[in-house]
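Top to bottom, those sequences are chains G and R. Note that my numbering has the first sequence beginning at 1, numbered continuously upward. Note that my numbering has the second sequence beginning at 1001, numbered continuously upward.
One thing to keep in mind: the hints can contain errors.
Residues from chain G that keep clear of chain R, each with C-beta distances beyond 12 Å, as calculated [claimed, not checked]:
| # | residue |
| --- | --- |
| 1 | Glu91 |
| 2 | Ser134 |
| 3 | Gly193 |
Per label pair, the in silico range of CB-to-CB distance [what the hints assert, rightly or not]:
| # | chain 1 | residue 1 | chain 2 | residue 2 | range |
| --- | --- | --- | --- | --- | --- |
| 4 | G | Asp94 | R | Lys1187 | 54 to 60 Å |
| 5 | R | Arg1244 | G | Gly225 | 21 to 27 Å |
| 6 | R | Asp1003 | G | Gly68 | 39 to 45 Å |
| 7 | G | Arg76 | R | Ser1066 | 48 to 54 Å |
| 8 | G | Ala228 | R | Phe1142 | 44 to 50 Å |
No lab work stands behind these hints, which were simulated from the structure alone. Quick reminder that beta carbons are idealized off the backbone N, C-alpha and C, glycines included.
One-letter residues, chain by chain:
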Amino acid sequence: MSVGELLLSARGLDVERGSVRVLEDASVDLVAGEALAVVGPNAAGKSTLVRALAGLLPPAAGEVQLRGRPLRAWPRDALSRVLALVTSEEEGPDMLTVEDRVGLGRYPHRGPFRRFSPGDEAAVARAMEQTGISHLARRRLVTLSAGERQLATLARGLAQEPQVLLLDEPAAHLDIGHQLQLFRALDGVRQCGVAVLAVIHDLARAAAWASRMVLVSSGRIAAEGTPAAVLGSEAAGKAFGVRIRGHAVPGLPHLLYMFEEAP
Amino acid sequence: MTDIGRRRTTLVFLAGALLVSLLVATAVGSVSLSLAGVVRALLEKAGLPGGDANPLGPTGEAILFSVRLPRVLLAALVGGGLAVVGAVLQAVFRNPLADAGLLGVGGGAALGAVLAVNLGLASSVFFALPLAAFAGAMAAVFAVYFIAGASGRASVQGLLLTGIAVSALAGAGTSVLLVATEEFRVKTVLFWLAGGLEGRGWTHVHAAAAFVLAGVGALVLLGRPLDVLSLGEDEAASLGLPVRATRLGLLGLTSLVAGACTAVAGAVPFVGLMAPHALRPLVGPLGRHLLPAAFLAGALLVVLADLGARTLSVRFELPLGAVTAFVGAPYFLVALRANEGRG
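With the rest of the complex left out, here is chain R (with noise of 0.2 Å):
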């Protein structure tokens, strides 16, 4: 098959299986509604043919607009949204292994969590821990790019360096302030920290389409630039690429996707690893081509791993990010093992 053709069919596929998995994650749940209802209540509401005014009853249309379609939209959010920042920062690093958590976006996020809820204003003010668990993120990155960039240029390895640093100082401030919160209000910051999308509702849609969307088209749009970054200082600067304006807009951009998605579901961890490394042999690793991909398995990847999440257990909801990296982290080992044998 030709390069454009493997591409096409990739694409093809995956928008299908997303379309697919989307539909069966919004009819299947606690309370199990039909398929066929729901294709015929959403097609009524987007206004188009075939559509049914009331085929699922009253309960089963709250459940399905305010419950199931909002969450399972975020969970399509932010798998897309971390896929490709995990796509962009591992081209920019030229690091296959690299991710949002080298900038300090998830230890940022969490310290802002935990702070919002050791205050109490988590139980009190509306959106209030999406809205710290994005600032922590965001002051992370901002202090990695100044402390990295005050020793004068902002290298890749200044920069990795200082993301693990900042990374390591906003956990210890997220240990202490957990033992210094009172017991009834830990579980609330553990919840968030294991990863996951219960509960949320059309305001964290909302918030996170505006951030995901916007960033990753951008991102999209830029991949010619982070194509010839990927092929090193160097030789992007002799390419008349203005290196360090490109990576720092690059790197804001991957931020504020990242900061959005760990925001309103937590530490969501392997998404960015897995869907790229599984799609590079298929697409190749330009930015035109892997992003748009990467987006559609991330997002295919985390509303399967939320359906599992709310399924796999009658008794309790399994925390997402446990089950990610239950997917994860195998994958991880015989990918490696599989690179080892090609020696």
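Isolated chain G (complex conformation) (with noise of 0.2 Å):
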């Protein structure tokens, strides 16, 4: 795996929730250490796209490919071995240990029998360092706050040591520390050359963070390319009903945003 390799691929994804399309013709390419944000007004398509671009969701057309072989050629197990997906939504039962759960992550390597291995502890360990909860280790979820149980969600995804991670608005339950330090151990992983892909609500988080940026609106992909270029388009005022200006400030790497109800 070297950064700028084509990790995973869609094509034409359709996807269909009932008899109802949500998705409709997404194509998205995700590369080896790339941080591609997912943005988007509510009820657009965004989960349902990660969640078929993770194999949960069957497409009704098209195809994906993870390293250029189709999703459902993968046998589970491997496929969970090299994909992890983190939702905001699962947070695990309250008895449960944080390194328990993160432990948890493990399992498309072990399978139901295989005893926990010196790699297991080392994975597990250095999800939670990257999370920054090691401190949590021992203490069971009940006992932790909404954004800390976020962390370990996350740790247990990284603990799957997967080339590609897909992440369904992961910073939802956190506050503002918590989020610099959820973005700051997406990056670092990044740097070893996962690939990132994230549903971000907040967009000027998902422009700070982001090296590119697709719009999705009304089950459509609507723009692609660098934050700026997404969020300076038409398509993106249009989508979420507002004007979007993006300001240079001096010593910022990055646009500032502002948004207003369109007149």
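Using the hints, put the two chains back together into the complex; each one sits in its own frame.
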């Protein structure tokens, strides 16, 4: 896996939930080491896109390829060793310790019966360190804040040691300190060559973090490119029904965004 | 104390308490046997040193081996089985209040039992009542799977709702049959419905042991897939678990165990809720840790409850199901209050 290698590629995805088409003709590429933000208004199909890319929702048309091989040709456990999904919905059983929760991320590597190896232990310790929750290892999930639980879920994904990391609103419950901690963790794994795709609600945060951005609106990919290009596009203003203005600030590597209701 | 230390202490304590309670429950009853005599007779039977050929006299021997021992062992099997079933279902449904009733086991078993009594089979054919109860439980579980699965994929919500509907339907059938049953037979059904182990013998022990021990063993082996499943469907699937097959396998095993327990003992409520709930803070929720501990705790609970059912009243036996409910319901109210306090 080298930076720039194409890892995940979706072509012409149609996804239906019930009989409703919620995603239409979506194509996305994800290369090793990049940070791709998926943005869009509520119910635009962002979560559907992420779940389809993770192989949880079979597309009605189109195909997702992981390292050049169609997703459905991957055995489920082999797929989970290469691709991890982290959502903000799953919280884990209350009485589970953080360490055990993160340890379940080793399931694709261990299966139902293999014992916990030193390699597993190292992966779990590393994942907790990267997410800054090593000090919480022995705590039960019920004693944590929502943000700490969310970081534990991310650590579970990192413990899978994936090459592709998909996240659905990973910062949903996080205060600003935990948010910065989370995006720093994502940058850490990205620098090791992991491809990271994250659905992010906060446009300013997404623009500051991502190297590339995809705008999903009404089930279609409405714009794609650098954050500045996507947020500066007409499609972005139309999708959210707002006016978006980016301001260059001396000393800041990215634009600072202001949002106003469209007249 | 470290987590491993606390787990070990809990297991050792539960195993010790279960052993003592098994011996005491075997010795105590309407005819008391000496504890030392019981121990010596059992050692002799097992061919271990320290035994004695006939320490209790012929009547004592007969009570010990054909009445007390099978009953006490059956109590342990039923309690252990129901506690493990509760722990597994609570993880599968991700709800601390889940138990075998959700799958229609109790309702189906009651319908089967009432049918056997109504047709007069229970009094004329040996072992007909437990067999009919077991068949009823399995029929209800199949109905739940089939109906929930017919609407596409059997989701957790679909299973819950279907389970409630099928149980209600079985309950209605039971009421109708009860009314239509001749009066002198009704008492048999009522005794069975209330849950109890009076008059159970080795046949019951063997039948229950086959299902409970094999089922619990398989469930403990499947502990890790159970842990992954307890994280929720999406996360389990994204960790490579075949969610539907795993859930079907786990629910099938729990149905067999719960069906067997209910068939031999009738309704024994709250054991499946209480034992796992009390143990989760001590040993954690991972299957490999929780299920063995829950088995021991459930066994201990029902052995003691049955001892209470036999000895609390000198005039008649209390229904076992009533004793576990007398203990379980207040426990649950207190536990709920404590949860709220923690907020």
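| field | 39 to 45 Å as the expected CB spacing between Gly68 (chain G) and Asp1003 (chain R), which holds or is violated | value | holds, 44 Å
| request: Starting from the hint 48 to 54 Å, judge whether the C-beta atoms of Arg76 (chain G) and Ser1066 (chain R) obey it. | output: holds, 53 Å
| field | Pairwise beta carbon distance, Ala228 (chain G) to Phe1142 (chain R), judged against the given window 44 to 50 Å | value | violated, 60 Å
| query | Are all C-beta atoms of chain R more than 12 Å from that of Gly193 (chain G)? | reply | holds, 21 Å
| Would Glu91 (chain G) pass as off the interface with chain R, using Cβ distances and a cut of 12 Å? | violated, 8 Å
| request: Go ahead and decide if the range 54 to 60 Å is satisfied by the Cβ distance of Asp94 (chain G) to Lys1187 (chain R). | output: violated, 44 Å
| query | Checking the smallest CB distance to chain R, is Ser134 (chain G) really beyond 12 Å? | reply | holds, 16 Å
| query | Holds or violated: 21 to 27 Å for the Cβ distance of Arg1244 (chain R) and Gly225 (chain G)? | reply | With a Cβ separation near 40 Å, Arg1244 (chain R) and Gly225 (chain G) fall outside 21 to 27 Å, so the hint is violated.
Violated hints, listed in ascending order, are 1, 4, 5, 8; each of the other numbered hints is respected by the structure.
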